[in-house]
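Spelled out, the chains give:
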Amino acid sequence: DQQVKQNSPSLSVQEGRISILNCDYTNSMFDYFLWYKKYPAEGPTFLISISSIKDKNEDGRFTVFLNKSAKHLSLHIVPSQPGDSAVYFCAVTASTGKLIFGQGTTLQVKP
Amino acid sequence: DGGITQSPKYLFRKEGQNVTLSCEQNLNHDAMYWYRQDPGQGLRLIYYSQIVNDFQKGDIAEGYSVSREKKESFPLTVTSAQKNPTAFYLCASSYGDSWWTEAFFGQGTRLTVV
Chain A
53 DQQVKQNSPS LSVQEGRISI LNCDYTNSMF DYFLWYKKYP AEGPTFLISI SSIKDKNEDG
113 RFTVFLNKSA KHLSLHIVPS QPGDSAVYFC AVTASTGKLI FGQGTTLQVK P
Chain B
2 DGGITQSPKY LFRKEGQNVT LSCEQNLNHD AMYWYRQDPG QGLRLIYYSQ IVNDFQKGDI
62 AEGYSVSREK KESFPLTVTS AQKNPTAFYL CASSYGDSWW TEAFFGQGTR LTVV
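So the sequence lines, in the order shown, correspond to chains A and B.
Here the first sequence stands for residues 53 to 163, numbered as in this note's numbering.
Here the second sequence stands for residues 2 to 115, numbered as in this note's numbering.
Please keep in mind that the hints were generated in silico from the structure rather than gathered at the bench.
Hints are not guaranteed to be accurate.
Said to hold, decoys possible - DMTMM-like, lysine to aspartate or glutamate: derived pairs with alpha carbons at most 25 Å apart:
#1 K162(A) <-> D107(A)
#2 K10(B) <-> D60(B)
#3 K150(A) <-> D60(B)
#4 K57(A) <-> E25(B)
#5 K150(A) <-> D31(B)
#6 K123(A) <-> E67(A)
#7 K108(A) <-> E63(B)
#8 K15(B) <-> D31(B)
#9 K150(A) <-> E70(B)
#10 K10(B) <-> E73(B)
#11 K58(B) <-> D83(A)
#12 K123(A) <-> E110(A)
#13 K150(A) <-> E16(B)
#14 K150(A) <-> E25(B)
#15 K89(A) <-> E70(B)
#16 K162(A) <-> D111(A)
#17 K108(A) <-> D136(A)
#18 K108(A) <-> E94(A)
#19 K57(A) <-> E16(B)
#20 K57(A) <-> E70(B)
#21 K123(A) <-> D60(B)
#22 K89(A) <-> E25(B)
#23 K120(A) <-> E110(A)
#24 K162(A) <-> D83(A)
#25 K72(B) <-> D136(A)
#26 K58(B) <-> D31(B)
#27 K89(A) <-> D136(A)
#28 K89(A) <-> D55(B)
#29 K150(A) <-> E63(B)
#30 K123(A) <-> E94(A)
#31 K58(B) <-> D107(A)
#32 K120(A) <-> D107(A)
#33 K10(B) <-> E94(A)
#34 K150(A) <-> D55(B)
#35 K57(A) <-> D55(B)
#36 K150(A) <-> E67(A)
What the hints assert, rightly or not - A few chain B positions that, by computed beta-carbon distances, are all more than 12 Å from chain A:
#37 Q38
#38 P40
#39 Q42
#40 E73
C-beta atoms are modelled at their ideal positions from N, C-alpha and C, and glycine is treated no differently.
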């Protein structure tokens, strides 16, 4: 039973528009949430994170929103650029330190 | 430069053979992880270790074994008992006593069974 779900396998947006990637989790014990970006044949790189005491964290073009009651987080990229094209994974963790990933969403930003 | 290194980048194994994937980090991280990536499956946790000489099974540990004799090293052995070992394997590390921080990943090892 998957504890972290990214229900959209792929997303295509036009350059300059907003990209919204979504992630749902099942366990309310999770209290730290991360987004990673991955290019083919490479390891994921950390993008942005948020703890459960906040509902928004912003870093440049990237903003993560957390809705604890809905057990949902999202990543907004504004404006989207072609170099943002990659697979995006959300990940969750709790005090055990075990990091659990979603299935990933492939983002394509068209010029 | 600090980082996490996986070797080799590509590995071929004959059916029935054990093979060991290397993971080394010089970030002074306590926690280390092994994940497997298959198409459409995301990253699935195989094993993780939060301190030296201790490790826990992840979601898909069957057919794999690990050791954590040194803080810097967390090798993964894919045994002949693993039914479908062909995959992309990723090692990661993080500060074990600060679980609210990001994990850093190696570049991955692509294992192919021939």
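Here is how each hint holds up against the structure:
1. K162(A) <-> D107(A): violated (30 Å)
2. K10(B) <-> D60(B): Between K10(B) and D60(B) the Cα gap is close to 24 Å, so the pair holds against 25 Å.
3. K150(A) <-> D60(B): Roughly 11 Å separates the two Cα atoms, so the pair holds.
4. K57(A) <-> E25(B): violated (30 Å)
5. K150(A) <-> D31(B): The given pair, whose Cα atoms are some 13 Å apart, holds under the 25 Å limit.
6. K123(A) <-> E67(A): This hinted pair is violated, its Cα atoms lying about 29 Å apart.
7. K108(A) <-> E63(B): violated (38 Å)
8. K15(B) <-> D31(B): Distance of about 33 Å is beyond 25 Å: violated.
9. K150(A) <-> E70(B): Holds - the C-alpha atoms of E70(B) and K150(A) are around 20 Å apart, at most 25 Å.
10. K10(B) <-> E73(B): holds (19 Å)
11. K58(B) <-> D83(A): holds (21 Å)
12. K123(A) <-> E110(A): Holds, at roughly 19 Å.
13. K150(A) <-> E16(B): violated (31 Å)
14. K150(A) <-> E25(B): holds (19 Å)
15. K89(A) <-> E70(B): Between K89(A) and E70(B) the Cα gap is close to 31 Å, so the pair fails against 25 Å, i.e. violated.
16. K162(A) <-> D111(A): Given pair K162(A), D111(A) holds - Cα atoms ~23 Å apart, limit 25 Å.
17. K108(A) <-> D136(A): holds (21 Å)
18. K108(A) <-> E94(A): violated (28 Å)
19. K57(A) <-> E16(B): Given pair K57(A), E16(B) is violated - Cα atoms ~33 Å apart, limit 25 Å.
20. K57(A) <-> E70(B): violated (34 Å)
21. K123(A) <-> D60(B): Distance of about 21 Å is within 25 Å: holds.
22. K89(A) <-> E25(B): holds (22 Å)
23. K120(A) <-> E110(A): Roughly 17 Å between the alpha carbons, so the hint for K120(A) and E110(A) holds.
24. K162(A) <-> D83(A): violated (34 Å)
25. K72(B) <-> D136(A): violated (34 Å)
26. K58(B) <-> D31(B): holds (17 Å)
27. K89(A) <-> D136(A): Answer holds: K89(A) to D136(A) is near 9 Å, not above 25 Å.
28. K89(A) <-> D55(B): violated (29 Å)
29. K150(A) <-> E63(B): Answer holds: K150(A) to E63(B) is near 18 Å, not above 25 Å.
30. K123(A) <-> E94(A): Distance of about 29 Å is beyond 25 Å: violated.
31. K58(B) <-> D107(A): With a Cα-Cα distance of about 32 Å, the restraint between K58(B) and D107(A) is violated, given a limit of 25 Å.
32. K120(A) <-> D107(A): holds (8 Å)
33. K10(B) <-> E94(A): Measuring from Cα to Cα gives roughly 10 Å; hence the hint holds.
34. K150(A) <-> D55(B): holds (14 Å)
35. K57(A) <-> D55(B): With Cα atoms ~29 Å apart, K57(A) and D55(B) exceed 25 Å; violated.
36. K150(A) <-> E67(A): The hint is violated at about 36 Å.
37. Q38: violated (9 Å)
38. P40: violated (10 Å)
39. Q42: Check fails; 6 Å does not lie beyond 12 Å.
40. E73: It holds; E73(B) is separated from chain A by about 17 Å at its closest Cβ, greater than 12 Å.
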